[in-house]
Amino acid sequence: MPTTLAEALEIQRDEDATPMAGGTDLLVHWPEQLELHDRDYLDLWGIDELRRIEWSDDTLELGALTTYWDVITDAKIGAAFPLLVDAARQIGAVQIQSRGTWAGNIANGSPAADGVPVLMAYGASVVIASHDKHRQVPLERFYAGYKEMDLAPDELIVAIRIPNRTYRHERFIKVGSRRAQAIAKVGAALVSNGSGWRVVASSVAPTIRRCPTIEAQISDGEPLSSPDDLLPAIRADVSPIDDLRSTAAYRERVMSRVLYYAIEEMSHR
Amino acid sequence: MDADANMPPMSRPPIEVPFTLNGMEVTVSIDPAERLLDTLRYRLGMTGSKEGCGEGECGACTVHVDDIPVNSCLIPTYQVRNAQVRTIESIDPSDVGALLSSGATQCGACTPGVVMTAVWVREHPELLETHTLRELMAGNLCRCTGYDGIIDGVRRSLDEGQP
Amino acid sequence: MDRIEGLAKLTGAERYVDDLPLDGMLWGMTVRSPAPRGRVTGVHFGSGVDWSEFVVVDHHDIPGDNTVLLIETDQPLLAGEYVRHAEEPIALVAHRSREMVRRAIREIEVTIDPDPPIFDFTAEPTQDQIQHGSDNALKRIDITKGDVDAALVRAARVVEGEYRTGSQEHVYLENQGMIAWEEDGVLVIKGSLQCPFYVLKAAVRALGRDSDHVRIVQTPTGGGFGGKEEYPSMIALHAALLALKAEQPVRIIYDRGEDMRATTKRHPSLVRHRTGVDGDGRLVAQDIDVALDGGAYVTLSPVVLSRGVIHAAGPYACDNVRIRGRAMLTNSPPHGAFRGFGAPQTHFANERHMDVIAATIGIDPDEFRRRNLIVDGQTTATGQRITDGTDRVALLDHALELSSYHERQDKHRSLNASHPYLRRGIGLAAFHHGAGFTGSGEVMLASELHLAGLPDGRIEVLSANIEMGQGTLTVFTKLVCDRLGLRPEHVVIADADTGRVPDSGPTVASRTTMVVGRLVDDSDTGDRVTQAIIDWHVERDEPLVGHAKYEPPPGIEWDETTYTGDAYATYGWATYVAEVEVDLRTYTARVTDFVAVQDVGTVLHETLARGQIQGGVVQAIGWALTEECAWSNGVMQNNQLTNYIIPTSDDVPPIRVSFVENPFAHGPHGAKGLGELPMDGPAPAIANAVARAIDADPRAIPLTPEHLMDLLSNGR
Numbered sequence: 001m002p003t004t005l006a007e008a009l010e011i012q013r014d015e016d017a018t019p020m021a022g023g024t025d026l027l028v029h030w031p032e033q034l035e036l037h038d039r040d041y042l043d044l045w046g047i048d049e050l051r052r053i054e055w056s057d058d059t060l061e062l063g064a065l066t067t068y069w070d071v072i073t074d075a076k077i078g079a080a081f082p083l084l085v086d087a088a089r090q091i092g093a094v095q096i097q098s099r100g101t102w103a104g105n106i107a108n109g110s111p112a113a114d115g116v117p118v119l120m121a122y123g124a125s126v127v128i129a130s131h132d133k134h135r136q137v138p139l140e141r142f143y144a145g146y147k148e149m150d151l152a153p154d155e156l157i158v159a160i161r162i163p164n165r166t167y168r169h170e171r172f173i174k175v176g177s178r179r180a181q182a183i184a185k186v187g188a189a190l191v192s193n194g195s196g197w198r199v200v201a202s203s204v205a206p207t208i209r210r211c212p213t214i215e216a217q218i219s220d221g222e223p224l225s226s227p228d229d230l231l232p233a234i235r236a237d238v239s240p241i242d243d244l245r246s247t248a249a250y251r252e253r254v255m256s257r258v259l260y261y262a263i264e265e266m267s268h269r
Numbered sequence: 001m002d003a004d005a006n007m008p009p010m011s012r013p014p015i016e017v018p019f020t021l022n023g024m025e026v027t028v029s030i031d032p033a034e035r036l037l038d039t040l041r042y043r044l045g046m047t048g049s050k051e052g053c054g055e056g057e058c059g060a061c062t063v064h065v066d067d068i069p070v071n072s073c074l075i076p077t078y079q080v081r082n083a084q085v086r087t088i089e090s091i092d093p094s095d096v097g098a099l100l101s102s103g104a105t106q107c108g109a110c111t112p113g114v115v116m117t118a119v120w121v122r123e124h125p126e127l128l129e130t131h132t133l134r135e136l137m138a139g140n141l142c143r144c145t146g147y148d149g150i151i152d153g154v155r156r157s158l159d160e161g162q163p
Numbered sequence: 001m002d003r004i005e006g007l008a009k010l011t012g013a014e015r016y017v018d019d020l021p022l023d024g025m026l027w028g029m030t031v032r033s034p035a036p037r038g039r040v041t042g043v044h045f046g047s048g049v050d051w052s053e054f055v056v057v058d059h060h061d062i063p064g065d066n067t068v069l070l071i072e073t074d075q076p077l078l079a080g081e082y083v084r085h086a087e088e089p090i091a092l093v094a095h096r097s098r099e100m101v102r103r104a105i106r107e108i109e110v111t112i113d114p115d116p117p118i119f120d121f122t123a124e125p126t127q128d129q130i131q132h133g134s135d136n137a138l139k140r141i142d143i144t145k146g147d148v149d150a151a152l153v154r155a156a157r158v159v160e161g162e163y164r165t166g167s168q169e170h171v172y173l174e175n176q177g178m179i180a181w182e183e184d185g186v187l188v189i190k191g192s193l194q195c196p197f198y199v200l201k202a203a204v205r206a207l208g209r210d211s212d213h214v215r216i217v218q219t220p221t222g223g224g225f226g227g228k229e230e231y232p233s234m235i236a237l238h239a240a241l242l243a244l245k246a247e248q249p250v251r252i253i254y255d256r257g258e259d260m261r262a263t264t265k266r267h268p269s270l271v272r273h274r275t276g277v278d279g280d281g282r283l284v285a286q287d288i289d290v291a292l293d294g295g296a297y298v299t300l301s302p303v304v305l306s307r308g309v310i311h312a313a314g315p316y317a318c319d320n321v322r323i324r325g326r327a328m329l330t331n332s333p334p335h336g337a338f339r340g341f342g343a344p345q346t347h348f349a350n351e352r353h354m355d356v357i358a359a360t361i362g363i364d365p366d367e368f369r370r371r372n373l374i375v376d377g378q379t380t381a382t383g384q385r386i387t388d389g390t391d392r393v394a395l396l397d398h399a400l401e402l403s404s405y406h407e408r409q410d411k412h413r414s415l416n417a418s419h420p421y422l423r424r425g426i427g428l429a430a431f432h433h434g435a436g437f438t439g440s441g442e443v444m445l446a447s448e449l450h451l452a453g454l455p456d457g458r459i460e461v462l463s464a465n466i467e468m469g470q471g472t473l474t475v476f477t478k479l480v481c482d483r484l485g486l487r488p489e490h491v492v493i494a495d496a497d498t499g500r501v502p503d504s505g506p507t508v509a510s511r512t513t514m515v516v517g518r519l520v521d522d523s524d525t526g527d528r529v530t531q532a533i534i535d536w537h538v539e540r541d542e543p544l545v546g547h548a549k550y551e552p553p554p555g556i557e558w559d560e561t562t563y564t565g566d567a568y569a570t571y572g573w574a575t576y577v578a579e580v581e582v583d584l585r586t587y588t589a590r591v592t593d594f595v596a597v598q599d600v601g602t603v604l605h606e607t608l609a610r611g612q613i614q615g616g617v618v619q620a621i622g623w624a625l626t627e628e629c630a631w632s633n634g635v636m637q638n639n640q641l642t643n644y645i646i647p648t649s650d651d652v653p654p655i656r657v658s659f660v661e662n663p664f665a666h667g668p669h670g671a672k673g674l675g676e677l678p679m680d681g682p683a684p685a686i687a688n689a690v691a692r693a694i695d696a697d698p699r700a701i702p703l704t705p706e707h708l709m710d711l712l713s714n715g716r
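Residue numbers (this note's numbering), protein chains in the order written: chain X, 1 to 269; chain V, 1 to 163; chain W, 1 to 716.
Treat the hints loosely; a few may be bogus.
[Claimed, not checked] Covered by chain X, according to a simulated footprint, are these stretches of chain W (three or more residues, beta-carbon under 8 Å):
#1 94 to 105
#2 623 to 637
#3 647 to 655
[As the list claims (entries may be wrong)] Listed next, with one range per pair, are the computed distances between beta-carbon atoms:
#4 X:36 x W:24: 25 to 33 Å
#5 W:73 x X:228: 54 to 62 Å
#6 W:543 x V:101: 30 to 38 Å
#7 X:242 x W:119: 13 to 21 Å
#8 V:101 x W:413: 52 to 60 Å
#9 W:670 x V:26: 48 to 56 Å
#10 X:16 x W:111: 58 to 66 Å
#11 X:36 x W:487: 49 to 57 Å
Quick caveat, the hints were computed from the structure, so don't treat them as lab data. For glycine and all other residues, C-beta sits at the position ideal for the given N, C-alpha and C.
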């Protein structure tokens, strides 16, 4: 159990170990996950240097152990990046918010993640380290497919960097099966700086992803007259499926409706 | 504290984990694959914390780690090394008067988790400037009370400045 | 008086079955059927496991009959040759290490030669799907009053409707669990259960021992809701079989996934109504067809059906009623007891149908009910004359007033006309619930209760009725205190241990307070007080025990063959009002206000009674809006609390409860049962509110967002 990042990166170089932060994804149904019991884990929780929130002139940097609760209770983040707080408050409840980390949310690679959409909408980058180098990848280029990501076996996510910009409009939308303790059936994060929109969708594709067709339509296209106007762009950008939590038809249609009304409300503000 | 008879022999080499449990220093020798909930319940015989779902959904296993509620079913015991762990066993009957009279407990299976969240809210009343009580308590599923007894009890304990 | 065991629960001191230490204990687990129907052709034990380390039990190890005795004996304790549902228990394995048992279970392969299953209880079975009688009907019950066909011909209007409800998982927070061991020749089984004598009778039959050599002891039970009425017998006997073979204590604790996949749920239903009304909006004929999905074995389906059909016509006066009911076999795990016991299903249909009729004939839903609610002197569908003095119309009006029913409709109209995507509506349901066992049930049960005077002067109550959260311990204590002028510390309630307590009948049907409470009230210990008890023990070397047997109210007449007469000694009456908001962006319906008004006789303990109502309402809100079992080939797929969605504190509003107290002469201090009533009314009230909010006509629950979207797209 390392207490410094350098130690952790050496272990990550030498051993086949699964990194673990707060454990809120890995330990679900643990007693039945017998195949996971004999694996080796790299426990990051004791590495205090990953537990930091740092501001510079042009970025906010969240260390890899920054939890949702850290962000919820940080008034400065709430003022500068309100969507981070909006999303964090809709993840589980306090018992999960206290252990779940933003970096873990990225590394778990779930298409239904709640933290990733807002980070991606804010143009965040993933800071990655191995024993011999550091690199930075824009989050929107981090995922290649379902649970496939740009992270080598000897690497760790050590921080998340968010450009310190101001936005005219910003909105996080989560459609879950109840108000708390729910997994997103449809999710979206939208930001606009006045000249163009960034739109990120969750739970409607194998990965969380930006939606370039929708962005182009709402940034430059004709004003929308109904939610249906968005359907062609939604079909171009995402590919929802039927699963235990919802249906493809519901996801597609609700995506169009939540986006439409969000854009309507923001543009009339 | 003796190893409880309910804890089976380990199939992996044990590791030692020191932490503070309800104000007392303890060191447990555990299976590396052990969850905090199982260490508490079966190894230490502190059965107040309950397992309701094993997936961090119901909150019956809620304990405090370093003064914040967590689901002990989602924490590997080695992660509480050197941490402050507080369980329902630390709660004195005099701490729960308002919850008792408001009808916050019926069957009692969710109750230890409810109490641990409620006590934390009572100790951090500033949370109510940003959160509603119903949002703060949403991590504790209850199937008996319909939540009114719980919410009323927590509100009363906040008003009275005692739990 | 606060809840007797409240502080133990609030401080984590209460010991549930999984909290009890057991020396030298083994963990038991169950090997289950992978297929919904077929012949068991083999149970193969993988070669990667040293099986000599494990205790393995199959049907050959059952000393008595291979059956879980309940109403019938068709359900095997361990399937030997044939399975009728997926997840059916086939064998048992135990080991000192729980992880080792989990690993071993995975190395056991059960092979099944499949036969065609049936899952649709509304479909006519094909010949090769028939597994019970000639048509798969596990039970049929008909009720006839007057001449429905003639009345339908005469009716000014006839309105038809078809209504469906889905299965529901209990989600007691404490999963099912049992421990068993043998002690001086007596098999002791302890665990989470509602009915110790059910388990005892099943044990005597399957284990081939007399009741002196088996003791069933209830441990504090972390929620039941009916889910721990019949299924615990299965787990108890499994633990017993393993313990007897191992000659060691055995513990079986289901985890949440196994509990949801393998144990009972609420019966799904399809109810069809054909109703005649006259020109004044009065009911002249109710023709009702009730079908329930019973699952793979008879279990309790006959009694669930019974309560379902008796309540199917609602709390209304109608001279011509025909109710035809059937519980059908399917190859799903057996559906079982669940709070309300068939009545929530038929009340959903009836109360939704009342709104459909009202809309069809152009009368306000509240006015339509006002015209038809039973008034004293009128009779129910079974011909039971109601003379209890409750003013059911006044009760309804009280609920409307508390909920600002009419004012809110005006507000909703203007909001709905102007808001881009929010719609609000308000709906009501009027209903009733029979207290205690149906018909002659309470007479046959002949419930008993003993009161003992202890040497230290305290009174001990010996009853088989258990605490599962609903407040039995507190209510019993309060009744004894009130009756004998004692303080709570002078009263102890004995553990429900079949080795000590008499058979007070099962803890079901909200009967405990009314029936068994009445026994406490009547107990012949009389006016003896603490000193008299102490004196007795000083003077004599013999126990001081008073016996009481339940006497139903005089004049109760019930004919089981024709289903006519006094179905229940008394009824609780209620009107519930729900306000909902539907968000048309996401098709999500949310309850924004809820008013529950009921007559449950005298309220013995305000906090406990209110808590029962609030908890029941929220459980019913879940059934109405979010709780849906996703079945595939007879297996529940969403057997996780992440995917089976019960309400959190943030999903429901405060539940506003009001009691109209009309004492029942034959209950303790005038009390009737109350725990099931709150399960009956919320679903139809909510569906009626949703119908108003979005101008649609929902006929099925749950009203999940996906279903609401389809409803709005398809016009229905």
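We went through each hint and held it up to the structure:
Chain X is given as covering the stretch 94 to 105 of chain W, and this holds because 4 residues of the stretch bring a CB closer than 8 Å to a CB of that chain, at least three being needed. Evaluation of the coverage hint for the stretch 623 to 637 of chain W: fulfilled, as 3 residues show C-beta separations to chain X shorter than 8 Å, against a requirement of three. For the stretch 647 to 655 of chain W, the assignment as covered by chain X holds, since 5 residues bring a beta-carbon within under 8 Å of that chain's beta-carbons and 3 suffice. In this structure, residue 36 of chain X and residue 24 of chain W meet the distance hint of 25 to 33 Å, their C-beta atoms being roughly 29 Å apart.
In this structure the supplied range 54 to 62 Å holds for residue 73 of chain W paired with residue 228 of chain X, their Cβ-Cβ distance being about 59 Å. Between residue 543 of chain W and residue 101 of chain V the beta carbon distance is about 36 Å. The supplied range of 30 to 38 Å therefore holds. With their beta carbons about 19 Å apart, residue 242 of chain X and residue 119 of chain W fall inside the hinted range of 13 to 21 Å. Checking the proposed 52 to 60 Å range against residue 101 of chain V and residue 413 of chain W shows it is violated: the Cβ atoms sit about 42 Å from each other.
For the pair residue 670 of chain W and residue 26 of chain V, the beta carbons lie near 54 Å from each other, so the given range of 48 to 56 Å is met. Separation of residue 16 of chain X from residue 111 of chain W is about 37 Å and departs from the stated range, judged on CB atoms against 58 to 66 Å. Between residue 36 of chain X and residue 487 of chain W, the C-beta spacing of about 55 Å keeps the proposed range 49 to 57 Å intact.
Checked against the numbered hints above, the structure breaks hints 8, 10 and satisfies the rest.
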